[in-house]
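A.B. asks: Listed below, chain by chain, are the residues.
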Amino acid sequence: MKYVDTALVQKRMNSRLLLNTFAKTVFLLSTLFGLVVLAVLIFRVASGGLGWINIDFLTGRLSTHADRAGIMGAILGTLWLMLVVAPVTMFVGVGTAIYLECYAKKGRIHSIIQTNISNLAGVPSIVFGILGLTIFVRAMDFGNVILAGGLTMSLLVLPIVVVASQEAIRAVPAHLSEASFGMGATKWQTIKNIILPAALPGILTGAILSLSRAIGETAPLVVIGIPALLIPFPGGIMDRFTVLPMQIYYWTLDSSLVAEYANLAAATIVVLLVVLFLLNSIAIVIRNKFQQRY
Amino acid sequence: METNSALKKRNAVNVREMIEEKKSKRSITNVLEKVMPKVLLAIATISVLTTVGIIFTLLSETVEFFSRIPFVDFFTGTVLRPLSQNPEFGVLPLLTGTIISSVIAMFVAVPIGLMTAIYLSEYASDKVRRALKPMLEILAGIPTIVYGFFAFTFVTPILREFIPGLQATNILSPGIVMGIMIIPMVASLSEDAMSSVPNSMREGALALGSTKLEVTRKVIMPAAMSGIIASFVLGISRAIGETMIVTIASGSSKNFTFDITQSMQTMTAYIVEVSSGDAPAGSTIYYSLYAVAATLFVFTFMMNLLARYISRKFKEEY
Chain A
904 MKYVDTALVQ KRMNSRLLLN TFAKTVFLLS TLFGLVVLAV LIFRVASGGL
954 GWINIDFLTG RLSTHADRAG IMGAILGTLW LMLVVAPVTM FVGVGTAIYL
1004 ECYAKKGRIH SIIQTNISNL AGVPSIVFGI LGLTIFVRAM DFGNVILAGG
1054 LTMSLLVLPI VVVASQEAIR AVPAHLSEAS FGMGATKWQT IKNIILPAAL
1104 PGILTGAILS LSRAIGETAP LVVIGIPALL IPFPGGIMDR FTVLPMQIYY
1154 WTLDSSLVAE YANLAAATIV VLLVVLFLLN SIAIVIRNKF QQRY
Chain B
33 METNSALKKR NAVNVREMIE EKKSKRSITN VLEKVMPKVL LAIATISVLT
83 TVGIIFTLLS ETVEFFSRIP FVDFFTGTVL RPLSQNPEFG VLPLLTGTII
133 SSVIAMFVAV PIGLMTAIYL SEYASDKVRR ALKPMLEILA GIPTIVYGFF
183 AFTFVTPILR EFIPGLQATN ILSPGIVMGI MIIPMVASLS EDAMSSVPNS
233 MREGALALGS TKLEVTRKVI MPAAMSGIIA SFVLGISRAI GETMIVTIAS
283 GSSKNFTFDI TQSMQTMTAY IVEVSSGDAP AGSTIYYSLY AVAATLFVFT
333 FMMNLLARYI SRKFKEEY
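Line by line, the protein sequences give chains A and B. Letter by letter, the first sequence follows residues 904 to 1197 in this note's numbering. Letter by letter, the second sequence follows residues 33 to 350 in this note's numbering.
Hints are supplied without guarantee of correctness; some may be wrong.
[To be verified] Lysine-lysine pairs mimicking DSSO-like chemistry, simulated, CA-CA at most 27 Å apart:
1) B:Lys55 x B:Lys70
2) A:Lys914 x B:Lys159
3) B:Lys244 x A:Lys1192
4) B:Lys66 x A:Lys1008
5) B:Lys55 x B:Lys165
6) A:Lys927 x B:Lys159
7) A:Lys1095 x B:Lys55
8) A:Lys1009 x B:Lys70
9) A:Lys1009 x A:Lys1095
10) A:Lys927 x A:Lys914
11) A:Lys1095 x B:Lys57
12) A:Lys927 x B:Lys250
13) B:Lys55 x B:Lys66
14) A:Lys1095 x B:Lys345
15) B:Lys244 x A:Lys927
16) A:Lys1008 x B:Lys250
17) B:Lys54 x B:Lys66
18) B:Lys244 x B:Lys347
19) B:Lys55 x A:Lys1009
20) A:Lys914 x A:Lys1008
21) A:Lys1009 x B:Lys345
22) A:Lys1009 x A:Lys1090
23) B:Lys159 x B:Lys244
24) A:Lys1090 x B:Lys57
25) B:Lys70 x B:Lys57
26) B:Lys347 x B:Lys165
27) A:Lys914 x B:Lys165
28) A:Lys1008 x B:Lys244
29) B:Lys165 x A:Lys927
30) B:Lys54 x B:Lys70
31) B:Lys55 x A:Lys1090
32) A:Lys1192 x A:Lys1095
[What the hints assert, rightly or not] Residues of chain A placed beyond 12 Å of chain B at every Cβ, according to the derived structure:
33) Asp908
34) Thr909
35) Phe925
36) Ile945
37) Gly951
38) Thr967
39) Asp970
40) Ala989
Derived by calculation from the structure, the hints in this document are not laboratory data. Please read these numbers as outputs of a predicted model, since none were measured by experiment. Virtual Cβ for every residue (Gly too), placed ideally from N, Cα, C.
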């Protein structure tokens, strides 16, 4: 006697399997969609901009003449901005992470700071710009200088560094610090000599990622008020400045007036993306090379 | 003998010195031990102070704004004319611009992000996943200004080939590009949610004869639903707060319209326009900056709270 009608089962299975294969293809295609857009974007930028990149463009001053314009001012401005952002975020970010992971008792203060950091991470960057405009530019009267922009950016990327450092510190196995305590070291000695060195690769990775975020961020600086004018190269943190994304912004806006500006914007994007790519590669190298497994 | 006693003398001095040295060192250690927690606590409060600073600046200037423009007029006004002779400050044109651009973005990001997450979590082999994920991370790491450039100089001209009435600055193109920008975020958060569904549930369903699609639809998705929804909400929050793409590609028309081929201004774009236009401190238009920023802050803050609430409240525990 036949309990199972194989033909019928086969028929039903076939349609279900077919649907499965179809769905799989659709899912794969939509995954590839993002990658295709990425490829198109990079191709579009490279085809528009690569031809415009030469030594004169990289080292030249800003100019209203498209064929004479250079981005040295923006490159220097970006570097100066990073000189403010890197130490400030490292200091505040790592300090906060050490406090949260090593000192704070699991209680009110801990949860306030922790919740606060995850909330800050969700605040739109332009709101940080308003904060910077109100506090650093106007109340403290710095003006729209590198220090004001740098401090604003530091607050913006702070959550990235804090969270990364927290994870790095948490990943240091307890037996290392227990051994240190067992040798008679105090808590701060243990943190300074054992935990921080062990967590350093993770912390550095987070710091570099936060820097690459800060390099590409535009909105807060627009709000702070970076002039589109020709300004001298910045020489200190109290100088006015422009950065690569701001240059891209102004050139893109004006590209409907002067067509070549679109090429200048594309060329600047190439430079920006190369910088970001290098930074991220460094982060990956640090992560892979110095990350110790215990 | 003499040399020996001299040696002793020197040794004695040395030992005393060493003890002194040790004591002073220990006192430094002790001081550090006491001071460092307080120093670190002070550093940690900087992040709290940032939040307090944001809320305080927004609130104080917004209060001043509402003393000039009635609260109701602001939220129900459909006319925004900050620069005219008799200025009007209705926020509705900005709200519709923000909401429409976010909705367009989510139309792109939700299906593609979710399907990407399903593929990566359920279908892709380890090798494929390891190759694809870094590429999506690159997409997530591209600065928004680059997306803005892409929307304005590439997507808009292409769309204009297909949609004749489309203006050079419109809300459609930045909406789409914003969606593309959010795909990696939705995909990676949803994938995290789906990957954390235990394998035993997958195996159970597969053993009953389900196909992978049926497992995904009837087992994995319901189990991971809280994380998936939370990723959508966070995506919306990101879209609402996004600035450069809409500023560049959607222009600054303050029309109250629902026509997506038109230029519309979002709240973020308004903030950019006003703050880069050198609004004199103390003018109503200067205060409107803060009122709009406060509205934006409240919107994104609620979204973030909602996302956290959903992922906590409806989390399935295994």
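A.B. asks: Now tell me if each hint is right for this structure.
C.D. replies: Right, here's what the structure says about each hint:
1. B:Lys55 x B:Lys70: Measuring from Cα to Cα gives roughly 23 Å; hence the hint holds.
2. A:Lys914 x B:Lys159: Measuring from Cα to Cα gives roughly 33 Å; hence the hint is violated.
3. B:Lys244 x A:Lys1192: At roughly 38 Å apart (the allowed maximum being 27 Å), A:Lys1192 and B:Lys244 break the hint.
4. B:Lys66 x A:Lys1008: 16 Å, holds
5. B:Lys55 x B:Lys165: Since the Cα atoms of B:Lys55 and B:Lys165 sit roughly 56 Å apart, the hinted pair is violated (cutoff 27 Å).
6. A:Lys927 x B:Lys159: Status holds; Cα separation ~17 Å.
7. A:Lys1095 x B:Lys55: Between A:Lys1095 and B:Lys55 the Cα gap is close to 20 Å, so the pair holds against 27 Å.
8. A:Lys1009 x B:Lys70: 16 Å, holds
9. A:Lys1009 x A:Lys1095: Within the cut-off at roughly 22 Å; holds.
10. A:Lys927 x A:Lys914: Judged against 27 Å, a Cα distance of about 20 Å means the pair holds.
11. A:Lys1095 x B:Lys57: Holds, because 16 Å separates the two Cα atoms, which is no more than 27 Å.
12. A:Lys927 x B:Lys250: Since the Cα atoms of A:Lys927 and B:Lys250 sit roughly 16 Å apart, the hinted pair holds (cutoff 27 Å).
13. B:Lys55 x B:Lys66: Answer holds: B:Lys55 to B:Lys66 is near 16 Å, not above 27 Å.
14. A:Lys1095 x B:Lys345: 39 Å, violated
15. B:Lys244 x A:Lys927: 9 Å, holds
16. A:Lys1008 x B:Lys250: Between A:Lys1008 and B:Lys250 the Cα gap is close to 42 Å, so the pair fails against 27 Å, i.e. violated.
17. B:Lys54 x B:Lys66: Status holds; Cα separation ~18 Å.
18. B:Lys244 x B:Lys347: 23 Å, holds
19. B:Lys55 x A:Lys1009: Given that 27 Å is the threshold and the Cα spacing comes to 34 Å, the pair is violated.
20. A:Lys914 x A:Lys1008: The hint is violated at about 63 Å.
21. A:Lys1009 x B:Lys345: 22 Å, holds
22. A:Lys1009 x A:Lys1090: Given pair A:Lys1009, A:Lys1090 holds - Cα atoms ~18 Å apart, limit 27 Å.
23. B:Lys159 x B:Lys244: 19 Å, holds
24. A:Lys1090 x B:Lys57: Within the cut-off at roughly 15 Å; holds.
25. B:Lys70 x B:Lys57: 20 Å, holds
26. B:Lys347 x B:Lys165: 25 Å, holds
27. A:Lys914 x B:Lys165: Between A:Lys914 and B:Lys165 the Cα gap is close to 37 Å, so the pair fails against 27 Å, i.e. violated.
28. A:Lys1008 x B:Lys244: Violated - the C-alpha atoms of B:Lys244 and A:Lys1008 are around 46 Å apart, more than 27 Å.
29. B:Lys165 x A:Lys927: It holds: about 17 Å lies between the C-alpha atoms, which stays within 27 Å.
30. B:Lys54 x B:Lys70: Since the Cα atoms of B:Lys54 and B:Lys70 sit roughly 25 Å apart, the hinted pair holds (cutoff 27 Å).
31. B:Lys55 x A:Lys1090: 18 Å, holds
32. A:Lys1192 x A:Lys1095: Holds, because 22 Å separates the two Cα atoms, which is no more than 27 Å.
33. Asp908: It holds; A:Asp908 is separated from chain B by about 15 Å at its closest Cβ, greater than 12 Å.
34. Thr909: At about 14 Å from chain B, A:Thr909 clears the 12 Å cut-off, so the statement holds.
35. Phe925: 9 Å, violated
36. Ile945: About 9 Å separates A:Ile945 from the closest Cβ of chain B, which leaves it inside 12 Å; violated.
37. Gly951: 8 Å, violated
38. Thr967: Non-interface label stands for A:Thr967: nearest chain B Cβ at 19 Å, farther than 12 Å.
39. Asp970: 19 Å, holds
40. Ala989: At roughly 16 Å from the nearest Cβ of chain B, A:Ala989 sits farther out than 12 Å, so the non-interface label holds.
Hint check: violations occur at hints 2, 3, 5, 14, 16, 19, 20, 27, 28, 35, 36 and 37; the rest are consistent with the structure.
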